[in-house]
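**Q** Letter by letter, the chains look like this.
There are 2 protein chains.
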Amino acid sequence: MTLKNPLDMHLHLRDEKMLDLVAPFSAKDFKAGVIMPNLITPITDINSLKAYKQRIIKACENEDFTPLMTLFFKKYDEKFLENAKDEIFAIKLYPAGITTNSDNGISSFDIQNLKPTLNAMSELNIPLLIHGETNDFVMDREANFAKIYEKLAQNFPNLKIVMEHITTKVLCDLLKDYENLYATITLHHLMITLDDVIGGKMDPHLFCKPIAKRYEDKDALCELAFSGYEKAMFGSDSAPHPLHTKECCGCAAGVFSAPVILPVLAELFEKNSNEKNLQKFISDNACEIYDFKFEKEKIINLEKQEWQVPQKYGDIVPFMAEKSLKFKTKLI
Amino acid sequence: MTLKNPLDMHLHLRDEKMLDLVAPFSAKDFKAGVIMPNLITPITDINSLKAYKQRIIKACENEDFTPLMTLFFKKYDEKFLENAKDEIFAIKLYPAGITTNSDNGISSFDIQNLKPTLNAMSELNIPLLIHGETNDFVMDREANFAKIYEKLAQNFPNLKIVMEHITTKVLCDLLKDYENLYATITLHHLMITLDDVIGGKMDPHLFCKPIAKRYEDKDALCELAFSGYEKAMFGSDSAPHPLHTKECCGCAAGVFSAPVILPVLAELFEKNSNEKNLQKFISDNACEIYDFKFEKEKIINLEKQEWQVPQKYGDIVPFMAEKSLKFKTKLI
Chain A
1 MTLKNPLDMH LHLRDEKMLD LVAPFSAKDF KAGVIMPNLI TPITDINSLK AYKQRIIKAC
61 ENEDFTPLMT LFFKKYDEKF LENAKDEIFA IKLYPAGITT NSDNGISSFD IQNLKPTLNA
121 MSELNIPLLI HGETNDFVMD REANFAKIYE KLAQNFPNLK IVMEHITTKV LCDLLKDYEN
181 LYATITLHHL MITLDDVIGG KMDPHLFCKP IAKRYEDKDA LCELAFSGYE KAMFGSDSAP
241 HPLHTKECCG CAAGVFSAPV ILPVLAELFE KNSNEKNLQK FISDNACEIY DFKFEKEKII
301 NLEKQEWQVP QKYGDIVPFM AEKSLKFKTK LI
Chain B
1 MTLKNPLDMH LHLRDEKMLD LVAPFSAKDF KAGVIMPNLI TPITDINSLK AYKQRIIKAC
61 ENEDFTPLMT LFFKKYDEKF LENAKDEIFA IKLYPAGITT NSDNGISSFD IQNLKPTLNA
121 MSELNIPLLI HGETNDFVMD REANFAKIYE KLAQNFPNLK IVMEHITTKV LCDLLKDYEN
181 LYATITLHHL MITLDDVIGG KMDPHLFCKP IAKRYEDKDA LCELAFSGYE KAMFGSDSAP
241 HPLHTKECCG CAAGVFSAPV ILPVLAELFE KNSNEKNLQK FISDNACEIY DFKFEKEKII
301 NLEKQEWQVP QKYGDIVPFM AEKSLKFKTK LI
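Just so you know, the sequences run in chain order A and B. Just so it is clear: in the first sequence, position 47 is 47 by full-length UniProt numbering, and no numbers are missing. Just so it is clear: in the second sequence, position 67 is 67 by full-length UniProt numbering, and no numbers are missing.
Hints in this document: simulated from the structure, not taken from any laboratory. None of the hints are false.
Here chain B is said to cover these stretches of chain A; the calculated rule only asks that three of the stretch's residues, wherever they fall, bring their Cβ under 8 Å from a Cβ of chain B:
id : region
1  : 130-139
2  : 182-196
3  : 204-215
4  : 251-257
In this text, all values refer to a predicted model and were calculated from it rather than measured experimentally. Ideal Cβ placement from N, Cα and C applies to all residues, glycine included.
Based on the provided sequences and hints, a complete structural model is requested.
**A** What follows is the structure, given as structure tokens:
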């Protein structure tokens, strides 16, 4: 199995020592990644963004990997966005307080209030990436955000809106109702439900936001991914947290999947779909949606070679820790 | 506020060192407790039960506390039950593998198969206590067990069936449909929903089985408890686990509430109900249902005196750890 220009359309690389530890895993297997801006101080200006980009490039040195940078959404004016346009891939919107480092997010989705920024983004063709959850009951948060997605999609028909890391059937269906709605899907949400998180023993390493939902939700996500559906893109949401913030009273949300993504996807698609649809999901759909052109191709070969995922990388427990995998990646 | 003969109708005391650590908390504040039989080797014979009872009495020495002993349900014959009757308060049924130490539980609810045992229990007036969960999706397990409760209630109309630690509105409603169905309700299920377990950060110390459900479920439980509804009894399901089995990868299910039960209930009922209904919930309803007579009354006074719940008792993190409470218990 070979994959051309794999893209991770939703990636948390953090900063400093954590960046240096985790970035190489993504850089090794992926051609590019969309880098989330929710650092402890969110990235809201171009100088910070450029400096962060340089730190990422340094952490990934010797690898053919492009960090696609994003700004943390706030009310930016048109002039700012015009100047920023060439440096950024997209703008990421977080509702306030909904996940890790999102306290400075948006607390109202009043269209009039958001209009100047969103109109400017629309005209400048800057995509809007959204962590779509309300503050409702944990199992309803994403489904209840559907009405906000609809309102945005209707009011800004030329704005590319990406529903990030979707987890519910409701959003899988919504994706088909609006031309300007797109979605990313993680690896772990193709594999787990709430039963894996709290159904037997409680597993902090599968605790993430949005939380994994019901079997019918997982099935709907798998249907999109395995069919190679053109508006669904792979985005890992790989989000490392050190062990002492996971296995504790009050554990942090996030699954660190970066080191195992392509091997696990290969195994999933071999069983449930085929190589062609994996190529669509992992790269071609995003290339089509965003009109990506890469000067140099990056080809990853997936070889059948059994290996065991380590228990930890540094002090981070990865997704599928200690599990045996069938495929290994190799750069061609 | 004073309470007469408080009863904990669902209590896990474990064994050995853990028993010695946790039993005094219940023995201090309660007149009696229904002791769950799911030790590592479940209690299925009278000698083991008598020996366990003696270990409990020793752990609670100097306190006026009666352990009401239960057997772990299996197919017992009538002769065994006739001999056991005077030593046991009830028999506790676990579906196989549904919670801590329940691997030897029941895997089929075929009525014909269970009939000899349940008919004998019915004739001998031995109550059947049930952990009612199926093996379905974690949020549906209890509601999906309703049909089994109905089948049992219909087929054994003279058997007292107690739906233990109920967590869903469905069972609150079912309670009113069958004369021979009763329920216990825990302290924590009157206070938390799934949001408290995984809605913000993940809290292993609120992870329990059945898992806390939705707001409308909590409201239905509160309605039963706060109204003093005659078929609802307090049962803490206080279930200690050492810290290293809670804050880890694969944490154990159970909330250790024993040290804080009466103070927290007093605060809840002061705010939402009254002393009379708390007396019903904590003792009178059970006395009526089981026709309990106590030779000597145990009166607990709840005095207004602020105190902070410790972070740990031994190596167990209690419910409400480090929280400030308004009431303290005092034996009169």
